[in-house]
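These are the residues of each chain, in order.
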Amino acid sequence: MTTEAIGTRSTPIGARTAVLAYLAVSGVVLLLMMLFGATMRLAQAQWISLDPTWFYIILTMHGAGMVGIAGLSGAAVMWYFVGRYVPVSTAVFLANLGFFLVGAVLILGSGFIGGFAAAWTFLFPLPAHSGSLWSINAAACYLFGLISIGVGFLLLHLDIVRGILSVYGGLGAGLGFKQGFGLAPEDTGPPPAVAASTMVAIVNIVGIVFGAAILVMSLVNLYVPSFTFNALVAKNMIYLFGHIFINATIYMAVIAVYEILPRYTHRAWKTNWAFYLAWVMSTLMVLTVYPHHLLMDFAMPTWALVAGQIISWLSGLPVLLVTAFGALTNTYRSGLKWDAASGLVFLGVAGWAIGVIPAILDGTIAINSVMHNTQWVPGHFHTYLLLGMIAMMLGFMTWLGGAKSPLGLAPVGFWLYLVGGSIFVLAFLSAGSASVPRRYAVHLQAWLPYDEIGSIGACLAIAGVAILVVRFLAGLRSAAAGGDDSVR
Amino acid sequence: MIQDVVWGVSIVLMGSLALVFAWVAAGADISLPDYGPAIASAYRLRGWLFAAAVIVLIAANWRTLAELPYVSAATPAPGATVVPVDAVGEQWDWMVTPNAFKVGQTAEFHVSSKDVNHGFALYDPGMRIVAQVQAMPGYTNILRYTFTQPGTYHVLCLEYCGVNHHNMKTDIDVAAQ
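Chains as they are written, first to last, in the working numbering: chain A, 820 to 1307; chain B, 25 to 201.
FYI, nobody ran anything at the bench for these hints, they're computed from the structure.
Every value quoted in this text rests on a predicted model; they were computed, and no experiment measured them.
Backbone N, C-alpha and C define an ideal beta-carbon position, used for all residues, glycine too.
Treat the hints loosely; a few may be bogus.
Listed next, with one range per pair, are the computed distances between beta-carbon atoms [what the hints assert, rightly or not]:
1. A/870 x B/197: 52 to 62 Å
2. B/46 x A/1231: 16 to 26 Å
3. B/119 x A/954: 20 to 30 Å
4. B/86 x A/1227: 27 to 37 Å
Between the sequences and the hints, there should be enough to build the whole structure, so can you do that?
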């Protein structure tokens, strides 16, 4: 049995404009953060000169900025489509953008004015141990920036929960819990956008609460140094929050695949028991898998680390056997005519699925012993974020606004992005297997070839994304005027 | 080394998956007159893939979980001499005492930090990681490693710890037996 993927409500012009504003901000910040990333790779390759102090400031801004726009653009995808099935508030949606912009200004100010460089993960007690390179106020500015962004997302998820409850009566029903366990007919389950939005709301609300707690604790520690807490507990809270938030960005963005790909293939997305069970299990696994970030913290209970490894492996099953398999079967000999939008959302699923492989391997304790915090780590997460989540976002952006753009060149942008992105992530993974550390401002001569190849890939990927984003921005005015996108 | 195996396995699996996506994408413009039999076959295939994945998952976890690096599981090599070693991290230095060993000796590193989180990574003379553990304020983590070749091993910090992170390193000399 199937559920028709195309929503029953249309998107009002005001709401559509708000989504376009999200995407415009995301596109511009994405390009800026990609330039930061390329700057670091070029410095590691010794093709440009960059003071290590600035390297680590840029590292911190790049990490926080990329996580932020992944969340922002993922929210745009989710809100646009879930709003077709449940009532959601445009005011709350815009408030989230406001909180995000305030947070972004605070974070950029903390780095480029205050010199804050404790990495986006702000591991306690590093924010208070700057080596005289940043002030307590600069660290506080960064932490307040993250809190502002968290508050915005919390409001957004609560509003979506309100909408889901008003239509489905409970989060279990929104997730398709009964359908997943065969307790209700498959065709009575929620559409994919609602199931995904329910899952994201559940996990992100939990993650943001933990994130807010550790942010406030870190803030107090800055101004009252005698207030300290357990560094391992702090690390658990940070990685619980960080892992959930960044993973939720993919689960928001994948809604673009569920909604856009069927419009090209003219085949509804299959929502059977396996689909709902996958989302229920993903909810549990995203909440519980974070100890795989702590496999080298020998003070952790061994059972938690063993569980982290096993859940890491299990969490690959829904991605590979449900979403990736679903995209492949939906596309297989469907008569689809490829364009940049459909190509990008399809690529997004491929990037996600392919990135799962090195991620699972790194989540294996015996392998993590020699791969943890090498460039294998940015290698695997750039695979499923740069070539997965961001591809889905760019696909949505191109689908929503790109068709109305006066500029051509979308295929050129697509291929530059794909080829450059692939070179970029493979350079990271290859360097990781050669034990090159991540987050090093200065590299040994033996490591430079990886950096040089990675730099070339980064520049190509930026050129491709720049074409896609500029194309979108050029067509913004006509895209805002709207149109019936359900028939495209 | 294990890194080479992981790299090779990753390239094969990632490449295979990429080829499947490319194959489906290349044939997507062909329109199947009847989708029903194709989707039925696909679901049967998914059942087999699920079974294979479960077998691989169980086998891989069974095999790898038998080799935990945690000190409760990492027994010294038979006949090896265990040498206790203090390894203390502090922005941006390692103090490793003693720092000279012989091939075949098992160093039992007691790793701690005086300030922030650091990562104690042991590199062999060929600059490949052979073992690592986090150095955390308030904790002493124990890492055992048996030296297998003579030369200069290196300790690098692998947890970002501030603006001189990349210079936080020291050497360990290992002599032939």
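Status of each hint after checking the structure:
no., hint, in the structure
1, A/870 x B/197: 52 to 62 Å, "33 Å, violated"
2, B/46 x A/1231: 16 to 26 Å, "19 Å, holds"
3, B/119 x A/954: 20 to 30 Å, "29 Å, holds"
4, B/86 x A/1227: 27 to 37 Å, "54 Å, violated"
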